[in-house]
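**Student:** Taken in sequence, the protein lines are chains H and V. All the letters of the first sequence, read from the start, carry residue numbers 1 to 242 under the working numbering. All the letters of the second sequence, read from the start, carry residue numbers 1 to 280 under the working numbering.
Hints in this document: simulated from the structure, not taken from any laboratory. The structure displayed is predicted, hence computed values, not measured ones. Treat the hints loosely; a few may be bogus.
Listed next, the in silico DSS-like pairs over lysine-lysine satisfying Cα-Cα at most 25 Å (straight line) [to be verified]:
no., chain 1, residue 1, chain 2, residue 2
1, V, Lys-272, V, Lys-36
2, H, Lys-60, V, Lys-134
3, V, Lys-148, V, Lys-169
4, V, Lys-36, V, Lys-164
5, V, Lys-19, V, Lys-222
6, V, Lys-274, V, Lys-222
7, V, Lys-164, V, Lys-256
8, V, Lys-274, H, Lys-13
9, V, Lys-134, H, Lys-15
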Amino acid sequence: MMLLARSIFVQNKSKDLRLALVIAGVMAFFGLVSPAHGDYDFLGVVNVCVLLVLAGTTYKMLAVPSRAMEYLMLPASTAEKTVVTIAYLNVYYVLMMMVSSFVGFYFGQMLQNLIAIIPFFRDLFGSSRHDFALSAVTFNELGSNLLSLTCGLSVLMFGSLYFRRHAILKTLLVFCGFCFALFILDMAVIAGVGSALDLSIRNVNLPDLPKWVETMIDYMVPCLFTMFFWFMTYLRLRETEA
Amino acid sequence: MIQLKDVTFGYTKIAPVFKDLNLELAGGHIYGLLGKNGVGKTTLMKIIAGLRFANSGTAEVFGEPSYRRSPAMLQDLYFVGEEMYAPALTIQQYVDTFAPFYPNFSREQMDAYLEQFELTSCTQRISAMSHGQKKKVIISFSLATNVKVLLMDEPTNGLDIPSKSMFRKVMAMAADEERLFILSTHQVRDLHSLIDSIILLDGGEILLAEPNEIITDKLLFKVVDSTEGMTNLLYAEDTLRGIYTVSENVNHEECKLDIELLFNAAISNKKKIKELFSNY
Chain H
1 MMLLARSIFV
11 QNKSKDLRLA
21 LVIAGVMAFF
31 GLVSPAHGDY
41 DFLGVVNVCV
51 LLVLAGTTYK
61 MLAVPSRAME
71 YLMLPASTAE
81 KTVVTIAYLN
91 VYYVLMMMVS
101 SFVGFYFGQM
111 LQNLIAIIPF
121 FRDLFGSSRH
131 DFALSAVTFN
141 ELGSNLLSLT
151 CGLSVLMFGS
161 LYFRRHAILK
171 TLLVFCGFCF
181 ALFILDMAVI
191 AGVGSALDLS
201 IRNVNLPDLP
211 KWVETMIDYM
221 VPCLFTMFFW
231 FMTYLRLRET
241 EA
Chain V
1 MIQLKDVTFG
11 YTKIAPVFKD
21 LNLELAGGHI
31 YGLLGKNGVG
41 KTTLMKIIAG
51 LRFANSGTAE
61 VFGEPSYRRS
71 PAMLQDLYFV
81 GEEMYAPALT
91 IQQYVDTFAP
101 FYPNFSREQM
111 DAYLEQFELT
121 SCTQRISAMS
131 HGQKKKVIIS
141 FSLATNVKVL
151 LMDEPTNGLD
161 IPSKSMFRKV
171 MAMAADEERL
181 FILSTHQVRD
191 LHSLIDSIIL
201 LDGGEILLAE
211 PNEIITDKLL
221 FKVVDSTEGM
231 TNLLYAEDTL
241 RGIYTVSENV
251 NHEECKLDIE
261 LLFNAAISNK
271 KKIKELFSNY
């Protein structure tokens with residue numbers, strides 16, 4: 001498994017380094033132009049979007065026959081290949097994004113402060129010195145919603161394996177279609193129940209669930225959802241041909 | 001080592017590429033896999049490698065179904081495709097990264113093969129190399145893995161004339177009693193001296209799969225001035241040097257196998273060829 005992780009790392013390190021530098025550069029720009037105590041939630045959103053794109057292109061290489069052959073013929077089990085891919089996406093890339101974003105934003109803020117203390121730049125940009133807004137880069141979106149993020153990544157990872165080409169778009173379309181179908185089904189059930197039993201949704205009083213049950217459901221559902229898609233990825237990879 | 005039992009495979013259900021294909025291949029041979037374009041040579045190799053799954057029947061390598069792609073099987077099987085993936089790594093980095101996957105990999109052998117191909121001083125990334133150079137690196141690597149089953153799809157395509165002779169040399173260096181090589185090729189003259197057994201595919205079936213000595217025991221390859229009075233003639237080709245013929249070797253005369261003639265003879269006399277080799 002370590003060999004496999006190493007081989008993926010070695011093959012992608014240049015690309016990953018470029019990505020980290022681009023993210024750091026973008027974040028440095030945001031750090032430079034952002035006010036001292038603004039709302040920085042959008043930075044987390046940028047990270048999440050990049051991670052989703054990475055997840056949606058995880059198995060893009062399988063669309064190229066020579067790369068697909070090389071990957072599938074690598075002496076490692078399908079389970080090992082799946083686990084390593086999951087670890088890369090959910091640990092390596094998440095950490096890489098957080099670190100490069102943090103460093104970039106911090107650098108941008110440093111520059112902003114530098115501008116504030118040098119009279120020439122202060123006159124030029126009209127900026128004023130302030131404390132580092134490091135707390136802004138806590139990436140609330142990434143931290144508190146890590147489970148939701150993992151869930152989203154697992155769906156897109158499976159989508160990239162299933163569709164290979166234009167996977168993100170196709171996965172999102174299928175997801176939207178699925179949600180729409182659920183909505184229609186929901187409406188149909190409500191309408192059916194309503195007409196048969198003369199009930200409307202306003203008349204249905206669901207009992208309040210205990211807090212711990214609600215919390216458990218909140219965590220269990222995304223966990224099960226994620227594991228389902230990881231398992232589907234494993235099954236799909238096992239039957240992938242090149 | 002490799003066993004195909006009643007393998008049927010098709011990209012669509014209407015037109016199967018193979019139907020009830022049976023094949024048994026043993027170690028210690030260099031098989032030449034021959035057939036017309038689109039007959040399924042690459043597909044057959046992919047089925048053996050577990051990259052394609054048979055619709056019915058079984059394909060086994062080392063006694064286990066190839067579709068499972070178990071690490072144990074993959075450690076002893078290497079497939080050099082016609083188009084290869086060349087990562088943005090130097091040869092050294094490539095070896096450092098991928099050699100540990102193959103327990104019998106030999107760095108000394110790799111260096112020796114690279115030396116034969118005059119690539120030892122090459123420091124550029126594999127992805128930046130020419131097609132021929134990439135092929136030489138991958139061929140060297142595949143041979144140095146010391147896998148028991150090595151599949152090569154059109155290995156001499158893209159190699160220049162000196163490299164083709166180097167290829168034959170390194171293949172001869174790597175061959176031994178335990179290893180099984182399958183070389184799919186259209187360039188039969190490039191590999192004529194290497195191949196010791198022929199697998200001939202046509203129309204979704206195997207016309208023949210025999211060692212060279214059995215083929216020459218059954219078929220006589222001869223250059224004659226005239227074919228008049230020749231009995232059991234299967235194929236004749238008029239050239240400036242004379243008429244190249246393939247006929248039944250009823251008197252078991254000694255002769256030299258001409259793969260190109262054999263191919264043409266087999267394609268034009270499928271029934272007779274199958275009859276001749278059905279006893280083997």
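**Student:** Against each hint, give a clear statement of whether it holds in the structure.
**Tutor:** Results for each hint:
no. : hint                  : in the structure
1   : V:Lys-272 - V:Lys-36  : holds (19 Å)
2   : H:Lys-60 - V:Lys-134  : holds (22 Å)
3   : V:Lys-148 - V:Lys-169 : holds (19 Å)
4   : V:Lys-36 - V:Lys-164  : holds (22 Å)
5   : V:Lys-19 - V:Lys-222  : violated (34 Å)
6   : V:Lys-274 - V:Lys-222 : holds (21 Å)
7   : V:Lys-164 - V:Lys-256 : holds (22 Å)
8   : V:Lys-274 - H:Lys-13  : violated (54 Å)
9   : V:Lys-134 - H:Lys-15  : holds (21 Å)
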